[in-house]
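*Asks:* Okay, here's what each chain looks like letter by letter:
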Amino acid sequence: MNSYQELKLDALGDLTRRGILAQLLNGPLPVGELAGRFPVSRPAISQHLRILKEAQLVTDVAAGTRRLYAINREGFNSLREYFDQFWETALHEFKKKVESRDV
Amino acid sequence: MTATDSSTVQKTITVEATPEHAFEVFTAGIDSWWPRSHHIGKSPMKETRIECRAGGRCYSVHEDGAEGDWGKILVWEPPLRFVMAWQITHQWGYEPDLAKASEVEVSFTPAEGGKTRVDLEHRYFERMGPGAEEMRTAVNGGWGKLMEMFAAQAAAGSATQ
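For the protein sequence lines, the chains are A and B, in the order given. The first sequence runs contiguously to residue 103 in the numbering used here. The second sequence runs contiguously to residue 1161 in the numbering used here.
Hints were generated in silico from the structure; no laboratory data involved. Be aware that a few hints might be false.
Unchecked claim - Distance condition first, Cα-Cα at most 20 Å in a straight line; then the derived SDA-like pairs of lysine to any residue:
{"#": "1", "chain 1": "A", "residue 1": "Lys96", "chain 2": "B", "residue 2": "Arg1049"}
{"#": "2", "chain 1": "B", "residue 1": "Lys1042", "chain 2": "A", "residue 2": "Val40"}
{"#": "3", "chain 1": "B", "residue 1": "Lys1011", "chain 2": "A", "residue 2": "Ala90"}
{"#": "4", "chain 1": "B", "residue 1": "Lys1011", "chain 2": "A", "residue 2": "Glu88"}
{"#": "5", "chain 1": "A", "residue 1": "Lys95", "chain 2": "B", "residue 2": "Thr1012"}
{"#": "6", "chain 1": "A", "residue 1": "Lys95", "chain 2": "B", "residue 2": "Gly1114"}
{"#": "7", "chain 1": "B", "residue 1": "Lys1011", "chain 2": "A", "residue 2": "Asp84"}
{"#": "8", "chain 1": "B", "residue 1": "Lys1011", "chain 2": "A", "residue 2": "Ile51"}
{"#": "9", "chain 1": "A", "residue 1": "Lys95", "chain 2": "B", "residue 2": "Glu1105"}
{"#": "10", "chain 1": "A", "residue 1": "Lys95", "chain 2": "B", "residue 2": "Asp1031"}
{"#": "11", "chain 1": "B", "residue 1": "Lys1042", "chain 2": "B", "residue 2": "Tyr1059"}
{"#": "12", "chain 1": "A", "residue 1": "Lys95", "chain 2": "B", "residue 2": "Lys1042"}
Please build the complete structure, drawing on both the sequences and the hints.
*Replies:* This is how it looks when you write it as structure tokens:
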């Protein structure tokens, strides 16, 4: 399990981040435009975008004075891929817990 | 185990514990290890629970007080095996119809040295309704229709907030 997979799993686990990805499917957007579409602050949107970017699900490009965020289509392939990563992470956590014997 | 087909996820892990302990931690103790980010609720998850019996609910409890079902125990054979319906749609919502739910089987097999081999299979993604074909396409061909369906659901979710 590499850290990139963990990042991707965390990134997809959040409702707002899934919503951001959904918005970006219709085309690249600047952060201010995205922030107007969610009931959370602009800094919060920036933080979500940073997480999505680290997980390689979103890329950003300079467009004049603005920075546009866009879906990184190479980032993920399918729901099966998502669950493949989910169970990898989950079973790793399970093993740690079951061997710690403090349940 | 059988060969992995494109719509099945299989994982195996060996833990240094008895099957009894491993089964207990996996089910009754699920909240102690479940990844916190993984839930389909609208507010942050406080806890996730499995009712330890055939027919038992699998659900999460959220900070806003809401409870959200995400599965049901179909087979309950402690400490060796259980099967749960995984009632989450490919649109990240709750799937009340068991015939359209995917399924997770977890078995606990005694291994040498007092260890236990845990085999997990997440299968029947193809049951998840009209999106199944698109999902197969997505598996084989990358992006595709799956993300459009996901987009529609996510957009519906943000519109209700």
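*Asks:* Which earlier hints turn out false for this structure, listed by number in ascending order?
*Replies:* Structure breaks hints 8 and 12.
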